[in-house]
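Student: Listed here are the chains, written in short residue letters.
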Amino acid sequence: MPTIDYRQIRPYGDTLDDGIIQLSFTLPVPFGEEAQEAARRWALQSGFWDPKVVVALDLGEGFTFFVLYACSTVCIDFTSIEVPKLSHERLEKSEIDLLIRTLLGRKLVIVGACIESDAHTVGIDAIMNMKGYNGHKGLESYHEIDAINLGSQVSCEELLTKAHEVLADAILISQVVTQKSLHLQNLTRMVELLELEGLRDRFLLVAGGPRINYELAKELGYDAGFGPGTYAEDVASFVLDRVLARCVK
Amino acid sequence: MPTIDYRQIRPYGDTLDDGIIQLSFTLPVPFGEEAQEAARRWALQSGFWDPKVVVALDLGEGFTFFVLYACSTVCIDFTSIEVPKLSHERLEKSEIDLLIRTLLGRKLVIVGACIESDAHTVGIDAIMNMKGYNGHKGLESYHEIDAINLGSQVSCEELLTKAHEVLADAILISQVVTQKSLHLQNLTRMVELLELEGLRDRFLLVAGGPRINYELAKELGYDAGFGPGTYAEDVASFVLDRVLARCVK
Amino acid sequence: MTRPYPHNKLHLALDHIALARTLAKDIVDQITPFILSHSTVSVERSILRLLGIQGVDPEGIPLPNIIIDHLKEHHLLEEGAARSFAKACLHFKLDPQTLAGQLACRERSFEDLPDFPEEQIVDKAITLTQPLLEQISNQRQSREHCLSSLGDGSEPYLYVIVATGNIYEDVLQAKVAARQGADIIAVIRSTGQSLLDYVPYGPTTEGFGGTFATQENFRIMREALDEVGQELGRYIRLTNYCSGLCMPEIAVMGALERLDVMLNDSMYGIIFRDINMQRTFIDQYFSRLINGFAGIIINTGEDNYLTTSDALEAAHTVLASNFLNEQFAFLSRIPEEQQGLGHAMEINPDVPNAFLYEIAQAQLIREIFPRSPIKYMPPTKFMTGDIFRGHVQDTLFNVASIMTGQSIHLLGMLTEALHTPLMQDRFLSLESAKLVFKSLRHLQEEIRFTTEGVIQQHAQTTLQKAVGMLEEIQKIGLFKALEQGMFAEISRKPTGGRGLDGVFAKSSKYLNPSAWFDVRSS
Amino acid sequence: MTRPYPHNKLHLALDHIALARTLAKDIVDQITPFILSHSTVSVERSILRLLGIQGVDPEGIPLPNIIIDHLKEHHLLEEGAARSFAKACLHFKLDPQTLAGQLACRERSFEDLPDFPEEQIVDKAITLTQPLLEQISNQRQSREHCLSSLGDGSEPYLYVIVATGNIYEDVLQAKVAARQGADIIAVIRSTGQSLLDYVPYGPTTEGFGGTFATQENFRIMREALDEVGQELGRYIRLTNYCSGLCMPEIAVMGALERLDVMLNDSMYGIIFRDINMQRTFIDQYFSRLINGFAGIIINTGEDNYLTTSDALEAAHTVLASNFLNEQFAFLSRIPEEQQGLGHAMEINPDVPNAFLYEIAQAQLIREIFPRSPIKYMPPTKFMTGDIFRGHVQDTLFNVASIMTGQSIHLLGMLTEALHTPLMQDRFLSLESAKLVFKSLRHLQEEIRFTTEGVIQQHAQTTLQKAVGMLEEIQKIGLFKALEQGMFAEISRKPTGGRGLDGVFAKSSKYLNPSAWFDVRSS
Ligand code: B12
Ligand code: B12
Ligand SMILES: Cc1ncc(COP(=O)(O)O)c(C=O)c1O
Ligand SMILES: Cc1ncc(COP(=O)(O)O)c(C=O)c1O
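Residue numbers (our numbering), protein chains in the order written: chain A, 931 to 1179; chain B, 931 to 1179; chain C, 105 to 626; chain D, 105 to 626.
Note that these hints are calculated values from the structure, not bench results. Remember, predicted model here, so these are calculated numbers, not experimental data. A portion of the hints provided could be inaccurate.
What the hints assert, rightly or not - Listed below are the simulated SDA-like cross-link pairs for lysine to any residue, each with C-alpha atoms no more than 20 Å apart in a straight line:
| id | chain 1 | residue 1 | chain 2 | residue 2 |
| --- | --- | --- | --- | --- |
| 1 | B | Lys1061 | D | Ser413 |
| 2 | A | Lys1061 | C | Asn452 |
| 3 | A | Lys1110 | B | Cys1001 |
| 4 | A | Lys1110 | B | Asp948 |
| 5 | D | Lys485 | B | His1066 |
Said to hold, decoys possible - A few chain A residues that face chain D, going by a derived Cβ cut-off under 7 Å, partial list only:
| id | residue |
| --- | --- |
| 6 | Gly943 |
| 7 | Thr945 |
| 8 | Val984 |
| 9 | Asp988 |
| 10 | Val997 |
Think of the CB as a built atom: it goes at the ideal place given N, C-alpha and C, for glycine as much as any other residue.
One chain only, chain A, in its complex shape:
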């Protein structure tokens, strides 16, 4: 059996360390042998060796599409990889309700919305609405949580106003449209608004969406971020953990 050296990981095609990868892309050059050669040179210049342009297809209007297989010499030290993760424990719905009741002694208040031009509510609904997602009930179904879902295309200002009004512990924001990094713009807008009003520490700020993860959210100035496959209990566990930590302080 091939033995793998985790300090030097290379792509695996059908033999250890062969480095084989698949690529496809379009070049704005007219179809022909020169186009094919351009694709090959692109691959060589990108540092791949033995690139094979396995197909070149004429897209018309002076564009050509390519599929390539090539070998990569890049190695990754897998042993050095550490992914920042949430530090708290992930609890179940009943545990969360119980802890809020016993430790917090009041309801946890959470507002959420899909902000600015984004109208993709399925994600935030999955977290907040009664019904939940994949059999995991949403925050509305928690006895000890006041969950207020403002829906879609809510401006940052509106959301903040509401958070104030209900004395929210946490603000949840969903961003799904990512074209031209629109989500980053919108998420940043919210942080700036909070900072402007000196309120950044008043609320826990949580982002979510298909291209969000913990690391990215932290970079943007959020307390946490959640991506695909998140359920209400993931978010509730986190919020509760932090709210309790604040109370203790």
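Model the placement of chains B, C and D with the ligands on the given structure of chain A, informed by the hints.
Tutor: Chains B, C and D with the ligands only, in chain A's frame:
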């Protein structure tokens, strides 16, 4: 309309010069967030920016498969690309027969085979057999050509003996199996055999197969190479051109 | 496929279908008086556009918006913008565009216009709209001419979107797609445009997830498609979104620039954009009058229900809504041949035999609306980042489409879960659909469904449930049904949502421009 | 799918089917006397292996080959290797392996062995083969036990290949594939092995386009699959190639190491490897006796015809050959349930309605061989370097397979035109097939074909043409038919090709080991 600078060509996703490309590969690391991060680092280290690991899938046994989209900053000067091509004119069957009759004054003799362990005869048959390929008749159907197809798994020695025996003008070799560069080994073997016997210039030597092109064949010491989409007339035109050139010399 | 669709493979109860239609008509009839007695700011703006008014003021505000504000200010809106302009033109002896310009820079006011005999006003109004209505008629004829001279693709039509945000990149990609076999090009709108209560102006290059719908963008794309269509010997249809707060205005713009297909649903804005339902019902009615008149195929948006609801459980809501959209379309005198009713293939592929249910549902819509150029939407919800798996899902979608005789076939993209299509995504998708359609072209005629099999039973049950749902709606009324979240599980209040402030009751003096279309479309 | 396949959707003429079978039997009967009266070096080597002889000499030459040379040298081969060994064991009172070792280092010779009473020789021969035949029986029972205790996948079985050239990488990839749902793993042989007149020995790590078939490689892979199968609660079948010049030996090795499926065609070697036809017919007969006895499913190679011939034009040649392979299998007492007859989906996808013809052909084979675990091969010839397009072609193949109730489903690879499968290619392919099979699981039962439609007619015509072809062959004989290139358009001469020098007529004293299988398999 976007105007393209052919001296600086980058991959095109949906906007000129966005550099977007698609990749997929497998890493020999167990599925998980660390695996995903390894894939991202691989892409960064390979020189791509903003790599998005859009999916990571567990293959089992400590392997993970990834699909990525990333941006490339590599530019190609398309204006500097020149692909070496065959210099002669491409003739049709009837023209070829006519020219052989009028200019050469004898039959052109061509032997061909799929050499060594390779048993993929469809390619060489497409060139040589009566029936041909895609409506283009094969060399056997040319009045003025003596075409001898030895079939599959013919050793280099056997092929050379036959070429001698029939006083061949050209030897055609097909190589389809390319795993571990087997085709290069086999093709090189033939050249070496000819050189050993001091016969390299006695015959025109032509290679063909799905991974063969003119450039590669030249590098290997062949007179020409033909890839996918070749028809009998392409080869016949070439052979005739060179044989006539020799006669003139 | 030639419509009307000839087969009856599902053994559907014809009396159920008839009953559903009667119920749907009843439901639409219930709110028709309301629709006819009201207008909206966007309806009036679209009337201004029909008078030939266009352009923006120095700050970039569209003239129609400025004028409506003016009319509102002087309580003239209730009589209809057409009346004010007819009177003003008679009085000032100027054309509408000049007058509009003067209004915009406050050089003139419509306050206290003298009155004219009613007949003279109506005549003037008709004369004023004559040129643009003629332009629309010409565009309609032009389309018919192109279709018959250049030739048309064959159904299922290959429909792809462009959505770069930049009209010039869109044009490039649309042409590439047309060369690869696309029959219909849809320019997707920028995120958020539907909630703007005005239509942006001029060519635009900065949109998110789509390109702004402007008349100039329409023109630019139309020209490009005509050019490439001419070269290819095939008329390439153009689609945009006649939806959102400016639905009626976009209808006018589209009609003028010869769009061929318009996303134009009677309830989508209510449900998915939280636009007020009163506003929407009035707007959609008027926008459809124009679409009908212009020979534009409307596409309804029932497919969207399945993005928030489960496609198996909610199959009947799609059908029920199709019946309603059909009746709303009839009310605006849109013939079946222009009603591209929407539905979708959105069942979770993890459901055993999902494909059988998809076939049942697709065939059901096909058979119930045999003359409609029904629009079939690809998998979106269950697409993942695994583009290879996505390509397989889309291939099954292509198979389902050709097996059930769909008309307008939206191409699924292998990157659906990731980004708006790259040039190569669209290419791969077109290649796939062409391969499948060619290979399975006549499969439809080659197969019958087992009597009382899963497919037949699922289709029959879905029809029954739709009838049940329509019965319910007929009892409580459509407003209440929307409030109860009967569509897409999204609940909306009759006085909630955006744009209610733009709704007003027509006064007794309202000059009803819809009459114009009556004359011309007959 | 449960076999026998119950439907009759094509309205095939049952008398045509019966006639085809009679003709095929006739054709096989014509050459049976020749087959039974001859043996080959490889048959004899396989008998040596059954006696327990294995290993190589210091130069790496397998002992069975050395012994055969020895027997040949002394003109002992015509009596059968079994006779010599029975006699030698009786005489020297040593076991066959020891004797073989001694023969190899020329310490001993079989020349001039004393004779023994016939009964004693036969008895000794039977006793000598007892242990290994028992081992084979045990393996067969062991398989049956695993299948019933662990459980089996469901048809169509997902069959993938591994072909790295290195048995250890193969094992890794096989396990990965099994975890992803593969039911059958085939280890593809290295290019060129089929023309070797010996079987390589030991574990191997250097093959091209495949891994050498050795008994040790078989064992290593079997062990790995048993391990992973145990873990998954599903028996994973193992396949290799019982084909080429060593067909009978590989049959023995496979039977001993519990392979479950063997590529084992009666004519493939003749047509595609230019192996002499006399040699092949004798070898295939003996190899099949063993496969039948071992409970191994054989897979025939008619799919290959369509790589050199046009799949539409040559559809009937596949069917005709299936009938012949069936009769050859019966001759070796292989029941239908072990006859995995091969066919393929290889029509040019540019042919309009290609899929309808594919369905017709696939359904035809299904219905004519209702008990056979028929093997369905994916598109290969028309795969291009466009892996996305390839994935679509393979998806259609998956659809065709589940629609027509195929049994053994070879997965198409999106990279077919490029390289032997990468780990990820196999994964994507399995994902696709699982998705399609789950989604379309019962489609088969849900559809009927239109009477006299394209599908029915194409199937009926294909059957008719196959009957015609068999009639022709019955007239001229199979040798002549092969000479005329009736299969795959490749013509072979009865005395041409490789391996004829290994064929010999059995002498009257030939000890016929095939009798042993008679006893045991009944
Ligand atoms: C459904 C859908 C719609 C529906 C939305 C209905 C609704 N009420 O939400 C409709 C049809 C209305 C729609 C419209 C549009 N859409 Co859309 N849509 C989708 C689609 C198919 C599925 C999205 C979805 O529902 N996923 C399921 C949910 C459950 O997943 P999720 O959002 O990732 O949520 C999970 C996690 O991310 C996380 N999460 C999400 N939010 C939050 C928040 C918090 C606080 C936490 C803790 C966790 C969390 O938890 C959730 C559960 O696990 C996707 C394609 C796809 N397959 O992904 C395109 C997609 C998102 N849409 C897209 C676009 C462009 C649009 C339009 C802009 C197109 C147009 N120009 O008209 C419009 C306009 C919408 C707008 N203004 O925003 C693009 C976005 C491209 C990009 N990357 O920028 C996509 C990717 C399609 C595409 N390939 O083009 N869309
Ligand atoms: C048909 C086929 C077979 C048939 C061959 C039948 C026959 N009589 O030829 C059979 C079934 C026997 C077969 C067997 C095997 N095959 Co095979 N086979 C193919 C297949 C499906 C098509 C090849 C083909 O016929 N192409 C059509 C012809 C017309 O194209 P072509 O060869 O490129 O020829 C054109 C040009 O290249 C050029 N040309 C070719 N030769 C020449 C020569 C000259 C002089 C000139 C001028 C031009 C020229 O002109 C031709 C016409 O335009 C390919 C997959 C694919 N789709 O490509 C796999 C493939 C080639 N096979 C493969 C393998 C591994 C094998 C086996 C080794 C597998 C095994 N271990 O058992 C065996 C053994 C064969 C052996 N010993 O060589 C691999 C090779 C992998 C690699 N890159 O190394 C492939 C790619 C499949 C795969 N993905 O694994 N195979
Ligand atoms: C009927 C209809 N209108 C409009 C849209 C698009 O939304 P928007 O109005 O926000 O552009 C869709 C989306 O698919 C739709 O189906
Ligand atoms: C029946 C049969 N035998 C053998 C092979 C493989 O060839 P080889 O014998 O060269 O390994 C195939 C190839 O598909 C086949 O179908």
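Student: For every hint, state whether the structure bears it out.
Tutor: Results of checking the hints against the structure:
A hinted pair counts as satisfied when its Cα atoms are at most 20 Å apart, and Lys1061/B with Ser413/D qualifies at roughly 11 Å. In summary, the hint linking Lys1061/A to Asn452/C is supported, as the alpha carbons are separated by about 18 Å, within the 20 Å threshold. This hinted pair checks out: Lys1110/A and Cys1001/B have alpha carbons roughly 13 Å apart, not beyond 20 Å. A threshold of 20 Å between alpha carbons decides the hint, and for Lys1110/A with Asp948/B the separation of about 11 Å falls inside it, so the pair holds.
Restraint check: the Cα-Cα separation between Lys485/D and His1066/B comes to about 18 Å, which is no more than 20 Å; the hinted pair holds. The beta carbon of Gly943/A is positioned within 7 Å of a beta carbon in chain D (closest approach about 5 Å), and the interface hint is therefore held. Annotation: interface hint on Thr945/A holds; nearest CB of chain D at approximately 6 Å, less than 7 Å. Annotation: interface hint on Val984/A holds; nearest CB of chain D at approximately 4 Å, less than 7 Å.
Evaluation of the Asp988/A hint against chain D yields a violated restraint, the C-beta minimum of about 12 Å exceeding 7 Å. Contact between Val997/A and chain D, as hinted, is supported at the beta carbon level, the nearest pair being about 6 Å apart and thus within 7 Å.
Hint check: a violation occurs at hint 9 only; the rest are consistent with the structure.
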